[in-house]
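Chemist: Assemble the dimeric complex from its two separately framed chains, guided by the hints.
These are the residues of each chain, in order.
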Amino acid sequence: MPLRILVGCKRAIDYAVKVRNHFISETKFNLNNAKIQVKSDFSGVVTEGVKHALNPFDEIAMEEAVRLKEKKLASEVIAVSCGPAQSQDVLRTALALGADKAVHVEVPGKEYETLQPIHVSKILAKLAEQEKVDLIILGKQAIDDDCNQTGQMTAAVLNWPQATFASKLQITDGDKEATCEREIDGGLETIKIKLPAVITADLRLNTPRYATLPNIMKAKKKPLKKISPKDLGVDISPRQEIVRVAEPPKRQGGGKVSSSEELTERIKKLGVV
Amino acid sequence: MNILKSRCKIRKFSFLIQTRNLALKRFPNYSILTDKDYRKNRCLDDVNSLDSYNEDWLKSCKGNSKLVLLPKTTLELSEILKYCYAKNLAICPQGGNTGLVGGSVPVFDEIIISTRLMNQIIKLDEESSILSCQSGCILQNLDDYVSQRSLIMPLDLGAKGSCHIGGNVSTNAGGLRLLRYGSLKGNVLGLEVVLSNGEILNSMNVPLRKDNTGFDTKQIFIGSEGQLGFISGVSILCPPRPRAANLILVACNGKSFQNVIQIFKTAKLELNEILSAFEFMDRESMRAVKENSNLENPFSIEVSEKCDFYCLVETHSSDEESALRKIENFYSKLSEKDLGLDCIVAENKTQFSYIWSLRERIAESLTKDGHNYKYDISLPLNKMYDLVIDIRKRFSENDAKNYFRRCIGYGHLGDSNLHLNVTSEKYDEKIFKLLEPFLYEWTMKNNGSISAEHGLGLKKKNYIYYSKTKENVEYMRKLKKLFDPKLLLNPYKTLPDF
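Protein chains in written order, with the numbering used here: chain A, 1 to 273; chain B, 1001 to 1498.
Check before you lean on any hint, since a few could be wrong.
In silico DMTMM-like pairs for lysine to aspartate or glutamate, Cα to Cα no more than 20 angstroms straight-line [to be verified]:
no. : chain 1 : residue 1 : chain 2 : residue 2
1   : A       : Lys35     : B       : Asp1144
2   : A       : Lys221    : B       : Glu1328
3   : B       : Lys1087   : B       : Asp1045
4   : A       : Lys220    : B       : Glu1320
5   : A       : Lys222    : B       : Glu1328
6   : A       : Lys222    : A       : Glu70
7   : B       : Lys1349   : A       : Asp89
8   : B       : Lys1368   : B       : Glu1055
9   : A       : Lys218    : B       : Glu1328
10  : A       : Lys51     : B       : Glu1321
11  : B       : Lys1445   : B       : Asp1386
12  : A       : Lys51     : B       : Asp1319
13  : A       : Lys222    : B       : Glu1321
Just so you know, these hints were derived from the structure itself, not from any lab.
Next comes chain B alone, as it looks inside the complex (with noise of 0.2 angstroms):
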């Protein structure tokens, strides 16, 4: 990775505003691709069609790739593979290309390689609950194929119908539903990679629950981003299917967030078994949805003008009506301890869509604000809005006022990840050094994560020292170095400069 530092020609590449400050240089060692690398069967190299590939939907990154291929099965990814490596191709690997952090577009001009047509279900196992695919596969059709078995996919997120599952096991996706079925960390049970040579580390052909032979050589895959190994194939567990959904928005009484706390550790109680999402926004969240992409706020005008912060509370059970009790039990506690101004219950799948798109469509109604500074992060759960306040505060003291549009924090609460995110107009210089480092600084003060559920990817991956200490980035130096030797899988991402 030394080469890195030496001095080579900076080629032009337009990179936009987030990653402006990462001074990259093309590593001179790779190859130039040519026409003879390649013959015109399922791949991509006109620039219309190469366009979508190369910027990540954020448009905030754009690479400069001149081909994407687009294998059907392991065995051809398994030979382009070899072929790059003998060849020094350097490879951008690419699942749904929803990611936020500029992981899975290329920063020059690296092969990618789009999973998208390795979308077959291989098998369900009805007895176990396994689910083994290719890592194409978008997760919405899978949810809706392990549904026919009364099967749900153990994680949802808001990219569900376009991001593909090897994306997700390869960022560590968390999602909405991490809260009741847990991290992919746990739920995968196989996985089939392979490795920057072309040779294939297959772990999924017979998935256990139980198996401690060894070292588990999946795990070290899962949100590695693409840097150790290429995901062709996942077996997952899948949980039964929940029967009733119900869902609650309450709007919390009260200033403090300490409050909100004890709204979560009251609803971890008393609904216990059947909590499957606990997601909090706060008062500029509701009023961006408002503004930019009119959604109304349910509450009654006494309510929304008194409330600060706003938790929706979603359970998963077997039963309805049983559900419902429990949830009444849970809000009369919360009025016992005065915690909550008021509930609304949604009654039909309209409403239910309704509440859910409240806290959904927070970054969509943002992106309408123009730049977007966002961030990912996990915080001890009593520190978790302070950030919150300390941004706005130092907004406020450095008169940065009239510059910046909204700085909101909303996300998972059962999860203790924040989503912090600041808009103006345009890109502002300002505005940026104001948030960085001190940002980051703070979450590393108090013991958090810069990146929760995110990754690091291009826009991060020199923030991370902030959360991980030298010892164990060197350790992942060694680890890349053993299995990507070459350095071919998605360069200049994740792991720092030098």
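Extracted from the complex, chain A is given alone in its bound form (with noise of 0.2 angstroms):
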């Protein structure tokens, strides 16, 4: 039997996006020269005015669930965004990639700002039952927080099976197992895994395709529910507090030397040699 899929969708700050104190020219798409900001209390960076995207991974994550469809693997996609209204941009956006329907599940602004991938691991979770999914794809992490929690915990959450940082699926043994290629250190590991089970994709799984603009229209006809965490019986009550975030450190400018042995005495003065 083809496979239900549940894609997760972040939106996060589009990572062309520059910090602020970094000196890069800016190019011209960049009209909206917004850049990254620490806010002045120090509790986050500045969102307003900020050109954001739907989670590079996470598009790796769709493209792979749209391509199982495609080979008849997979029956229904279903895209998955927790945030608040404008986290509708991004299911869009994966509707118009192939999702077949959205849910998107809302957490107003100021709650958003202490979600953690605890929280939706096990609003996903939830959703998994609810959807009765055979397979959850997850970016490895969002660009924003680089956190690289999500997947696992919604493993644990489900008690799954788990297949982290994917850079190849397959679909084996009908559609009971799936073989997963890993990027590890030293080389690739292969692992075979039972479904229902959670991979999180990594970047060399996939290049994802360009959204077309009649699927773009098209998209705006398929169905995107809302409900709330709420709804599904998960606490979103914070568990850490974000002491601060601080900007990356002031790059030094670097000096010029006349000589190689002016070189040698610079290293030797700094203890370096």
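Modeler: Okay, structure coming up:
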């Protein structure tokens, strides 16, 4: 029986947006030249007016799910996003890329600031049960908080097998198991896991397609359901406190020396050799 | 200029391929530079540092200058020109040296005066949105600067990271935003120009949008390629920076270029005030960036196999959402007329730059083929692509198939500006003879211009008559004599030999 797949779609700051003190010239398409900036109270970064997009690893996860569907190995692809109203933008993108339906778990702005992987994994687990999915594909991490926890935690909550950092995925033995290649230190590891399972996508799993205009227009007609964490019975009160968010240190400029003797002298002075 | 024809010893010079058929002689009236002429202060005279100033970036023209001067102020520049005028020393003005027709490098031993250190922004008037700066400011830096005040530079071109605004003005550079913001002839509101005798002609202090007092003298310097004066300062009108840019790439349906024109017409109607760029590229261009720069065709194989033309359509607006609605509407219209095969949308900044790079990196990827024969031609819209087809036909009729690697057409459709490029492994006389003068005659016959935005420089000066009448050229000469009686500024270029 073809699989039902759930894909996590986080809305994150576009990764091409520059950090404020980064000294790289803007390119022409960067008309919206808002940069990433730490809030004055050091509680996080300013997100208003900054270009957002679908988290790149989630885009890869979505592409993989859509490819499975195109191979007739999947029957339905469901996109899920947790966050404020704007999260629907990335869900529309996911639908344009080929998802069949979308679920928006609405978490208003203030609460979203403290939403953590533990909460998201519980939400995803609940949805997986409700939607009777056989496979959850998530990005290995989000590029904004770099947590790399949601996939692992979701597998734990559901007590399902997991294959993290997948760079190749094959559905084998009818549709009862998945064979995954993982990029690990020193080479590739191939593992087999029983379905249902959680898989997290690494960069080289695939190259996502572009959303086409006809598909974007069609996506508007696809179903998008809105629910709240409460509907799923998930408590999203914060478990951690963000103490301080700071900008990366400014890069110190280099110096020029006129001769190799001077260079060795300078290096010696620094005590590097 | 008759003296150019007079007998004098031909100096050996290292002309590269594209200019080999220009038999030029050094103007004998020019003095030879001696050590006494300069002090070692902000000047370069050693062989290593001179090289990058003597040769253009395409590596197609190389001069033999012994000296580069780097003034910082207009007064310094004026002093230099005064001295050169008195001593009869010829001059090659240079900006970012990103020109394509050999206009920015010396031909023989002209002194190079670079605007590199004239890089100060003088003022940005926020009420009127007029930027005043020295001529050596890099376009990219200016755009970064005005972006802080929510403004945008009215021009944009591939070389923006190194080209100087003074060079842009003196070559009347077009580029990618011309369709939306218009030409520099409209956007430059004032200039400061140093004439060959050191006199300073200033119209930059009170830049106004409207000023009909007498002749507009600055206009004559815009696009004059450094023949009439040395631009030292520019006042330019900067439009408000659009908040949102949307970009789509349309795969056109059908084999006929007429469909591309129809798409453009639809875009003009449906995207009207937000349309900021409309570029096209043919199948061969897409293949070139794939083979030489490894940029994958973003469309599915079924689409790319069928598609002969691609249109890149960009919009600048104040709101992304409403722009996208207009774009959807635009594409629905295309579908109704069966003009589009498919269309991709840039969903994030990475995709945005990727789609643009497909178009912008064509020129660069072609250099990997070997020798490039580059043509930049304005043609009436409905004739635009016929030239590419006719050139291809000419090649096959003359059994040149084995000699050339590619013959491609792309360009600014919105400005009916075609970039026709032919490549071969090495420079080949046979290909050259098939292209010229055929291509220029073809252009003249079809009421086009043989140089739309690249100018004439050294490489194309003798083709001026294909686009301008004898009388016009005669008055250009008169102007040249008036402003530069000793013919010291950027010699051997722009105006044809007698």
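Chemist: Check whether the Cα positions of Lys1087 of chain B and Asp1045 of chain B lie no farther apart than 20 angstroms.
Modeler: 19 angstroms, holds
Chemist: Would you check the hint for Lys51 of chain A and Glu1321 of chain B, treating anything up to 20 angstroms between C-alpha atoms as holding?
Modeler: This hinted pair holds, its Cα atoms lying about 13 angstroms apart.
Chemist: Please work out if Lys1445 of chain B and Asp1386 of chain B have their alpha carbons no farther apart than 20 angstroms.
Modeler: 13 angstroms, holds
Chemist: Do the alpha carbons of Lys1368 of chain B and Glu1055 of chain B lie within 20 angstroms of each other, as the hint requires?
Modeler: Holds. Lys1368 of chain B to Glu1055 of chain B sits at ~19 angstroms (cutoff 20 angstroms).
Chemist: Measure nothing beyond the straight line between the CA atoms of Lys1349 of chain B and Asp89 of chain A; if it is 20 angstroms or shorter, mark the hint as holding.
Modeler: At roughly 15 angstroms apart (the allowed maximum being 20 angstroms), Asp89 of chain A and Lys1349 of chain B satisfy the hint.
Chemist: Compare the distance between the alpha carbons of Lys51 of chain A and Asp1319 of chain B with 20 angstroms, and conclude whether the hinted pair is satisfied.
Modeler: 12 angstroms, holds
Chemist: When you check the alpha-carbon spacing of Lys220 of chain A and Glu1320 of chain B, does it fall within 20 angstroms?
Modeler: Holds, at roughly 17 angstroms.
Chemist: Going straight from one Cα to the other, do Lys222 of chain A and Glu70 of chain A come out at no more than 20 angstroms?
Modeler: 18 angstroms, holds
Chemist: Can the restraint linking Lys222 of chain A and Glu1328 of chain B be considered satisfied, given a maximum Cα separation of 20 angstroms?
Modeler: The given pair, whose Cα atoms are some 17 angstroms apart, holds under the 20 angstroms limit.
Chemist: Check the hint pairing Lys35 of chain A with Asp1144 of chain B against an upper bound of 20 angstroms on the C-alpha distance.
Modeler: With Cα atoms ~13 angstroms apart, Lys35 of chain A and Asp1144 of chain B stay inside 20 angstroms; holds.
Chemist: When you check the alpha-carbon spacing of Lys218 of chain A and Glu1328 of chain B, does it fall within 20 angstroms?
Modeler: With Cα atoms ~11 angstroms apart, Lys218 of chain A and Glu1328 of chain B stay inside 20 angstroms; holds.
Chemist: Given the hint that Lys222 of chain A pairs with Glu1321 of chain B, test it: the Cα-Cα distance must not exceed 20 angstroms.
Modeler: Distance of about 19 angstroms is within 20 angstroms: holds.
The structure agrees with every numbered hint stated previously.
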